[in-house]
Amino acid sequence: MSDQQTRQERIDRGIKVRSDGLYALMSWRELSYLTAPRFILIAGMLLLPFLMPGMYWQRVISIVCIYAVLALSFDFLAHYVGLVSLGGAFFIGTGGYSAGILNSYFAIPPFLTVPLAAIIGGVFCTLVLFPCLPLKGVYFAIVTLMYPLFMARIIEAFDIFGGTDGLIGIDSFASSFAEQYFVIIMVLVFLFGLRRFVTTDRGLIFTAIMDNDQAVKASGINITRYKALAVFIASAMGCMAGACLTHIYMWSGISQFALDFSILPIAATVIGGSGTLVGPVIGCLILVPVSELLRDFGTLRIVFYASILVGFILFRSGGIMEYGQRKYEQFERWTQI
Amino acid sequence: MEILVYGTINSVSLALMGLGFAMVYGISRVPNFAHGALYIICGFVTWTLFQKIGLPYFFAIIFSLGINGILGMLMYRFVLIRVRGMNISEIISSYAIGLIILEGLRFGGFRGMTYTLPVFMEGSLMIGGVPVDYHRLIMTIIGICLVAGLWLFTHYTKIGLALQGMAQDERAALMLGIDSDFMAMLAMGFGAILAGVASILILPLGNIVVEAGYNVLIMSIAVCIVGGLGSWMGAFFAAFIIGYAQILTVVFIGSHFQMVVALLAIILTLILKPSGLFGQQKELEERV
Amino acid sequence: MNQTTTEPILRMDNVSKLFGGVQALKDVSVDVFSGDVLGIIGPNGSGKTTIVNSITGFIKPTSGKIYFKGKNITGKPPHKVADMGVTRTFQIMRPYHSLPAYKNLVIPLFSPRAKRTGGWRGGGSLGNRQTIAIDILEEIGFERDSYIPFKKTSTLPTGYLKRLELARCLALKPEIIICDEVFSGLSMSEIASMVPLIQRIQDEGITIVMIEHRLRELFQVANRVMVLNFGEKLIEGTASEVMADEKVKEAYFGSEKVEEVMTYA
Amino acid sequence: AEKPIILGAPLSTAYVYGWDAERGIKLAVDEINAAGGVNVNGKKRPFSVEVIDTRDLEPGVPVSEALMAVERLILNKNADFILGGPNRSEAALAAMSLLSKHKKVSIVTSGVLTPAYHKTVAKKYDKLKYCFRIHGEAVNLIGEMIANFADLKAKYGLTKVFIMAQDVSHARGAAKVMGKVAGSKGFEVTGTEIFPTGTTDYSMALLKVKSTGSQIINIWMDMPESAILLKQWYDLQIPALPFGSTLAAAEQPGFWKATEGKGQYTLCNVVNAGNAPSDATEWTMKFYNAYTEKWGVEPEGLGSSSSYMAVYVLKDAIERAGTIESDKVVTALEQTDIMGVYGRLRFDPKSHQVIAALDPKEGAVGSILQWQDGKRVVVYPKSIAKGEILLPPWMGKN
Amino acid sequence: MLEARNLMVFYENMLALNNISIKCDENQIVGVFGANSAGKSTLMYALSGIMLDIQKKEKMAGGERITLTGDVLLENQSIMDLKPSLRAKAGIVLCPERRRLFKESSVLENLRIGGYLATKAQANQTLDYVMNMFPALQKLRKRLGGFLSGGEQQMVAIGRALMAQPKVLLLDEPLLGLSPLMQSTLIKATKVIQKEQNISVIVSEQYARPVFPIVDYAYILENGAAVMEGTREELMDNPDVKSAYFGVS
Ligand SMILES: Nc1ncnc2c1ncn2[C@@H]1O[C@H](COP(=O)(O)OP(=O)(O)OP(=O)(O)O)[C@@H](O)[C@H]1O
Ligand SMILES: Nc1ncnc2c1ncn2[C@@H]1O[C@H](COP(=O)(O)OP(=O)(O)OP(=O)(O)O)[C@@H](O)[C@H]1O
Ligand SMILES: [Mg+2]
Ligand SMILES: [Mg+2]
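Residue numbers (my numbering), protein chains in the order written: chain G, 11 to 347; chain L, 7 to 294; chain U, 11 to 275; chain P, 102 to 499; chain W, 6 to 254.
Okay, chain G solo, but in the shape it has when bound:
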């Protein structure tokens, strides 16, 4: 058993320990150590449109961002509130239609419809999901999986909002530049906004509810209200994404409730690293372009795509961010026992 006599131990780089918010930072080195990754991310995102070859890839970036926001909202709900929602499509669809209706029926311009859609959609989703809030775990997941199908069928059956044809001829963003930066800023704001939010006292409540809602109740806190709040935040984000999608394609239709919108963000979260909020964004930055690159394979595309997904999950089951963070904040060495 001589091989067992040594073991690999992980050691935090000093700075991490000290920068747990308890101790002030010492030097520029440490400051940069902390801020560098964030800075790189922001700068990278902002520069993306320029790095992209040609309009097409810029468009892809917009799509990436839309999925990123969706993934963010999923990650927030699932890993900070404990509500696993498979209803991404529900949010996208609701938001998409809100924007579509506002624009094509009331001729409200995109820069207004998007925020409006976020709020209206958010409220709508929250109200509709309200009765489901007591549900737990898989049950919640499945109900949220059902909702988008349900909406689609409603619209089809009652033939409202253009029925199966959907709403067409919706205005697009003023310019592709505006579109680009709108979505990119949106992602960054939500990303850092959420990261800040979950560490506030109110944010902690959500985590607490996830860990043990009984105890939260016993602390005299009405958990349903907080869950509703969380759902509102998440769905508003989702709806905003949906609204953007609508305006990018100048169209909204029942297929905005399609399963893909529920699955892909989750996939992104999984490979990016669950519960890190940054992870999902990175996940989308990988997955969406990959799926575009694979287009030339025609029918095989999805097969490859799925295989890549499985591969990722197998070999980085923790997610990219987990891994990255650990490498960044700890170093490993072999020690004698």
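There's no promise every hint is true.
[Claimed, not checked] No more than 30 Å apart at the CA atoms, straight line, and that leaves these computed lysine-lysine pairs for DSSO-like:
| id | chain 1 | residue 1 | chain 2 | residue 2 |
| --- | --- | --- | --- | --- |
| 1 | G | Lys146 | U | Lys162 |
| 2 | G | Lys146 | W | Lys147 |
| 3 | W | Lys147 | L | Lys279 |
| 4 | L | Lys164 | W | Lys144 |
[Claimed, not checked] Which bits of chain W does chain L cover? Going by a derived footprint, with three or more residues having C-beta under 8 Å, they are:
| id | segment |
| --- | --- |
| 5 | 41-49 |
| 6 | 61-68 |
| 7 | 154-161 |
Source of the hints: derived by calculation from the structure; they are not laboratory data.
Every residue gets a Cβ at the ideal spot worked out from N, C-alpha and C, and that includes glycine.
Use these hints to put chains L, U, P and W with the ligands onto chain G, whose structure you have.
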């Protein structure tokens, strides 16, 4: 009368779809989103064995069921085992596998409308003035037997009980000498076979088309969630609720509301009974 | 012990609870007076936890009423009850395991009640909840400079978790604390350090209901004891009265000599 | 060689309406290139095709997938023209705004039957004038059907029509219109049944057909399960003629096998001539044979001939315009007037919908075929018919 | 019978078991005493092999790394790298801390599941045995494990462990939260079981007093290391042990 007959038939076929999923989840707590794919592939394998290679129908079925079982096990052994306990990862990876299978089939040329399996028994008979063809009867009967059998299996046989324990607390099961990984693999195998059985029973009534895979997945999830996860009985009753909801709307409201009502039924059941018809998860979780 | 006022702060009258066929509680009535420390003992499965659950609204009694300061709180949702100042610890501890200990306290400090009352030691202002949380923890024995308040609760030993449970209640500045087996799973030394804590809380004027199997420590603090058996109230009285009772002996202590029992458990 | 003209084809290639269009287009392109290519004032430029799978006919796939595909063709593959799809009505509709945004001429050649398409073009002509459709749409179908019924009425005195539709809005809509028109044209509509997609049992409805003494079953379904309907119809020997308006199952040669021959007597409308053997024009059989030779299968589905012709129409337009510059080509296309596989091809200048007619000399003819002993026999319009409509024996006597 | 040689367990960099060697002979009851987080459960997990499973899971999730070294021998042959399920087959059955019943199965099913390794005859026999050992369970047969009270659960848990026909029974803090009567019943039961089934028992407790009368040999853990060991008598008259683990003041 016709409502009764077709309601029952419809419900049973739903139940059949759901069983496999319920089984796997109930036992390995893996939500097997590749369920639909397994269902479809079994159909195609049978078709190939029967139409192309020309095995007798019966053997074709047996073989393809076997193949399905093995497929399920492999899926567990090589992929799912790596993400045990990480529910979301499980969903995604199994769904991805499902995609691979389905789209793979489509790429492999299994598309269009020419794939059909013969029914077990031609002809039909009248039940209370409603014509029902034999195949549907056979399907219904087998379905019911299957559910009953499963119930007995999980509550009275050693393996069944072990599987149950596994599902609830893997580590505790380990302490009692139950090899969890083997069991889970077994469960996946079973699940896949059940999916296969369902497809063998249901597909002859229609064509084998890849798209069906997705609907089957959704439906089966719905069924066994409403029933209360891991409770076959629940799944069975849920199937009846949904099944009848569908038929009734077809008859009384108009068939393009069928899905609407079905989904509504699902959502309402869950809102009213947060852990499904038979599940007790919620009460258990909240026991302090 | 504090002299008790006439108006009971907490009153259960004829509370019963059926679970399916199971009679978990059967017409249990008891009055708790402000400043009391009421001990509840009884064999396993006698319904102690069920009592706690029904008082704090986690389950709805099948029949009977529960009054807090004269107000009927039967069947109110837990958070409402807690908001009125009735708090409880959990027999099966599940702390917020993904949060460090001190953040566990931020939750109660954030609750409406804490905001109203300023919380325990809140000194009215809840400017920075996290520092207050650390203060409270220190007060109940989490040595601040030993990093323990900052550790993830998942790696904390049982003793600290039990204290954390208490702290969670205290943070609300409650009027009653109902402790469900706070001593169980603690080592001698830990219990020894716990007893004075309980007494201190009591001196704050907080009424305490304690469910315990650790009689010796219980009797140090409790001024009245109620014995449950099969969901029924056997007897209520002072420690000595209870210990003397025959029914209690065979239901609870078994054949053993009481003194011996007192020393173990 | 000159720089090729790139044709982008966004098609749902895993589906009959997708792959038949792909084959049609490629066939035409090969022929044209073999003949030296397109004459853009003086220069002979070849065509080249870029196909992308839009997956839009697959369930659960958002239309945005298809739109991405279209954009990729335009922006990334710099296609000069868009031919073929998207194939799903709503996707095609959604794509319109994109096309106009990028000012790309597009000709829809397969799958999209909704009248909404050309109506929208007419409504927003200036914006959407780049969109054309070269195959018949639902309303034409209905027209033909009615005319055909009239014949049946005259010949066999069939007057009672029972309508069955799949539960998708275009089918539902069409069925409703059909009902109205038939009623007004002196037919008795004995009932209308709507079946959810994926229905596998039709015996109830079929019995109703029998009990109401209906003589024609008019079917609007593009789901594969419709094959079962016909099987059961055969088994139960329902005395009414199954007549598919859209009946994807029966369009394909595979249908005979799928129904084990029980598809006998089934009629269905394949939208345009050329998808089944007929003599609409002298070009028809040429196309039919060329296709069969190149791909080893007969033309399937309703998009083969139209997709094939689209390429020729485009070539003709480009040559007349003498440029591939979009607006000029649009005008050229509007003046198109050539004799094609399924008759004389002209676009309505307002709605850019190909002009339909019952006579190939007048416009694009549809074709209705009947399955007779494993072969698809065109029985309507008279002008191109290859055979007579046969009634099942159990219908003859009554 | 069962023996552990310089066991070491690291949770990441934290040393939870420090070079522990313990030994349990045939038909012996061995006590392991220690305050909270002394490492009792860790030891139990290491012996029963559950630690391997924990290790595996953590590795999969990319979580903390668990290192365990040393050796565990059953009847003088190493079972160190035997899967937990196999160890259970070999006769090492752990009755874990906090019971871990199967919440959604009835009491009866819980016991039957326990009987997975047993033959039908054995199972039925042991079932009856358990039922008269703990008559309280009789009327709870049908109730779901999750609804039982602490004490009731503990009885089921031990019963369940017995159903697995152990040679060495590991009890981790069996007395946690039990009423005095229950405690003494349980302790007596343990002794009886050990005699009748002639098996070996390793029992861990915070708190020596109640268990002590029945143990033959005992170890005392303090943060991860065995600071003291000896027969009952030896430890009995050791003053600081007295104060710390007997509460005799
Ligand atoms: N949700 C429930 N469903 C069914 N039976 C229950 C439920 N909750 C408790 N019981 C039963 O009610 C009785 C009382 O349980 P309770 O937890 O109050 O006992 P206890 O006095 O707390 O015991 P312990 O001291 O072991 O904690 C037990 O027999 C238990 O099985
Ligand atoms: N999964 C884990 N990760 C990190 N540290 C752990 C883990 N499990 C246990 N520990 C630590 O290992 C030490 C021993 O834990 P262990 O549970 O064995 O003690 P114990 O004697 O069983 O305590 P208790 O009496 O509370 O059960 C403790 O310091 C505990 O914090
Ligand atoms: Mg209790
Ligand atoms: Mg322990």
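Verification of the hints:
no.: 1; hint: G:Lys146 - U:Lys162; result: holds, 25 Å
no.: 2; hint: G:Lys146 - W:Lys147; result: holds, 26 Å
no.: 3; hint: W:Lys147 - L:Lys279; result: holds, 22 Å
no.: 4; hint: L:Lys164 - W:Lys144; result: holds, 23 Å
no.: 5; hint: 41-49; result: violated (count 0)
no.: 6; hint: 61-68; result: holds (count 3)
no.: 7; hint: 154-161; result: violated (count 0)
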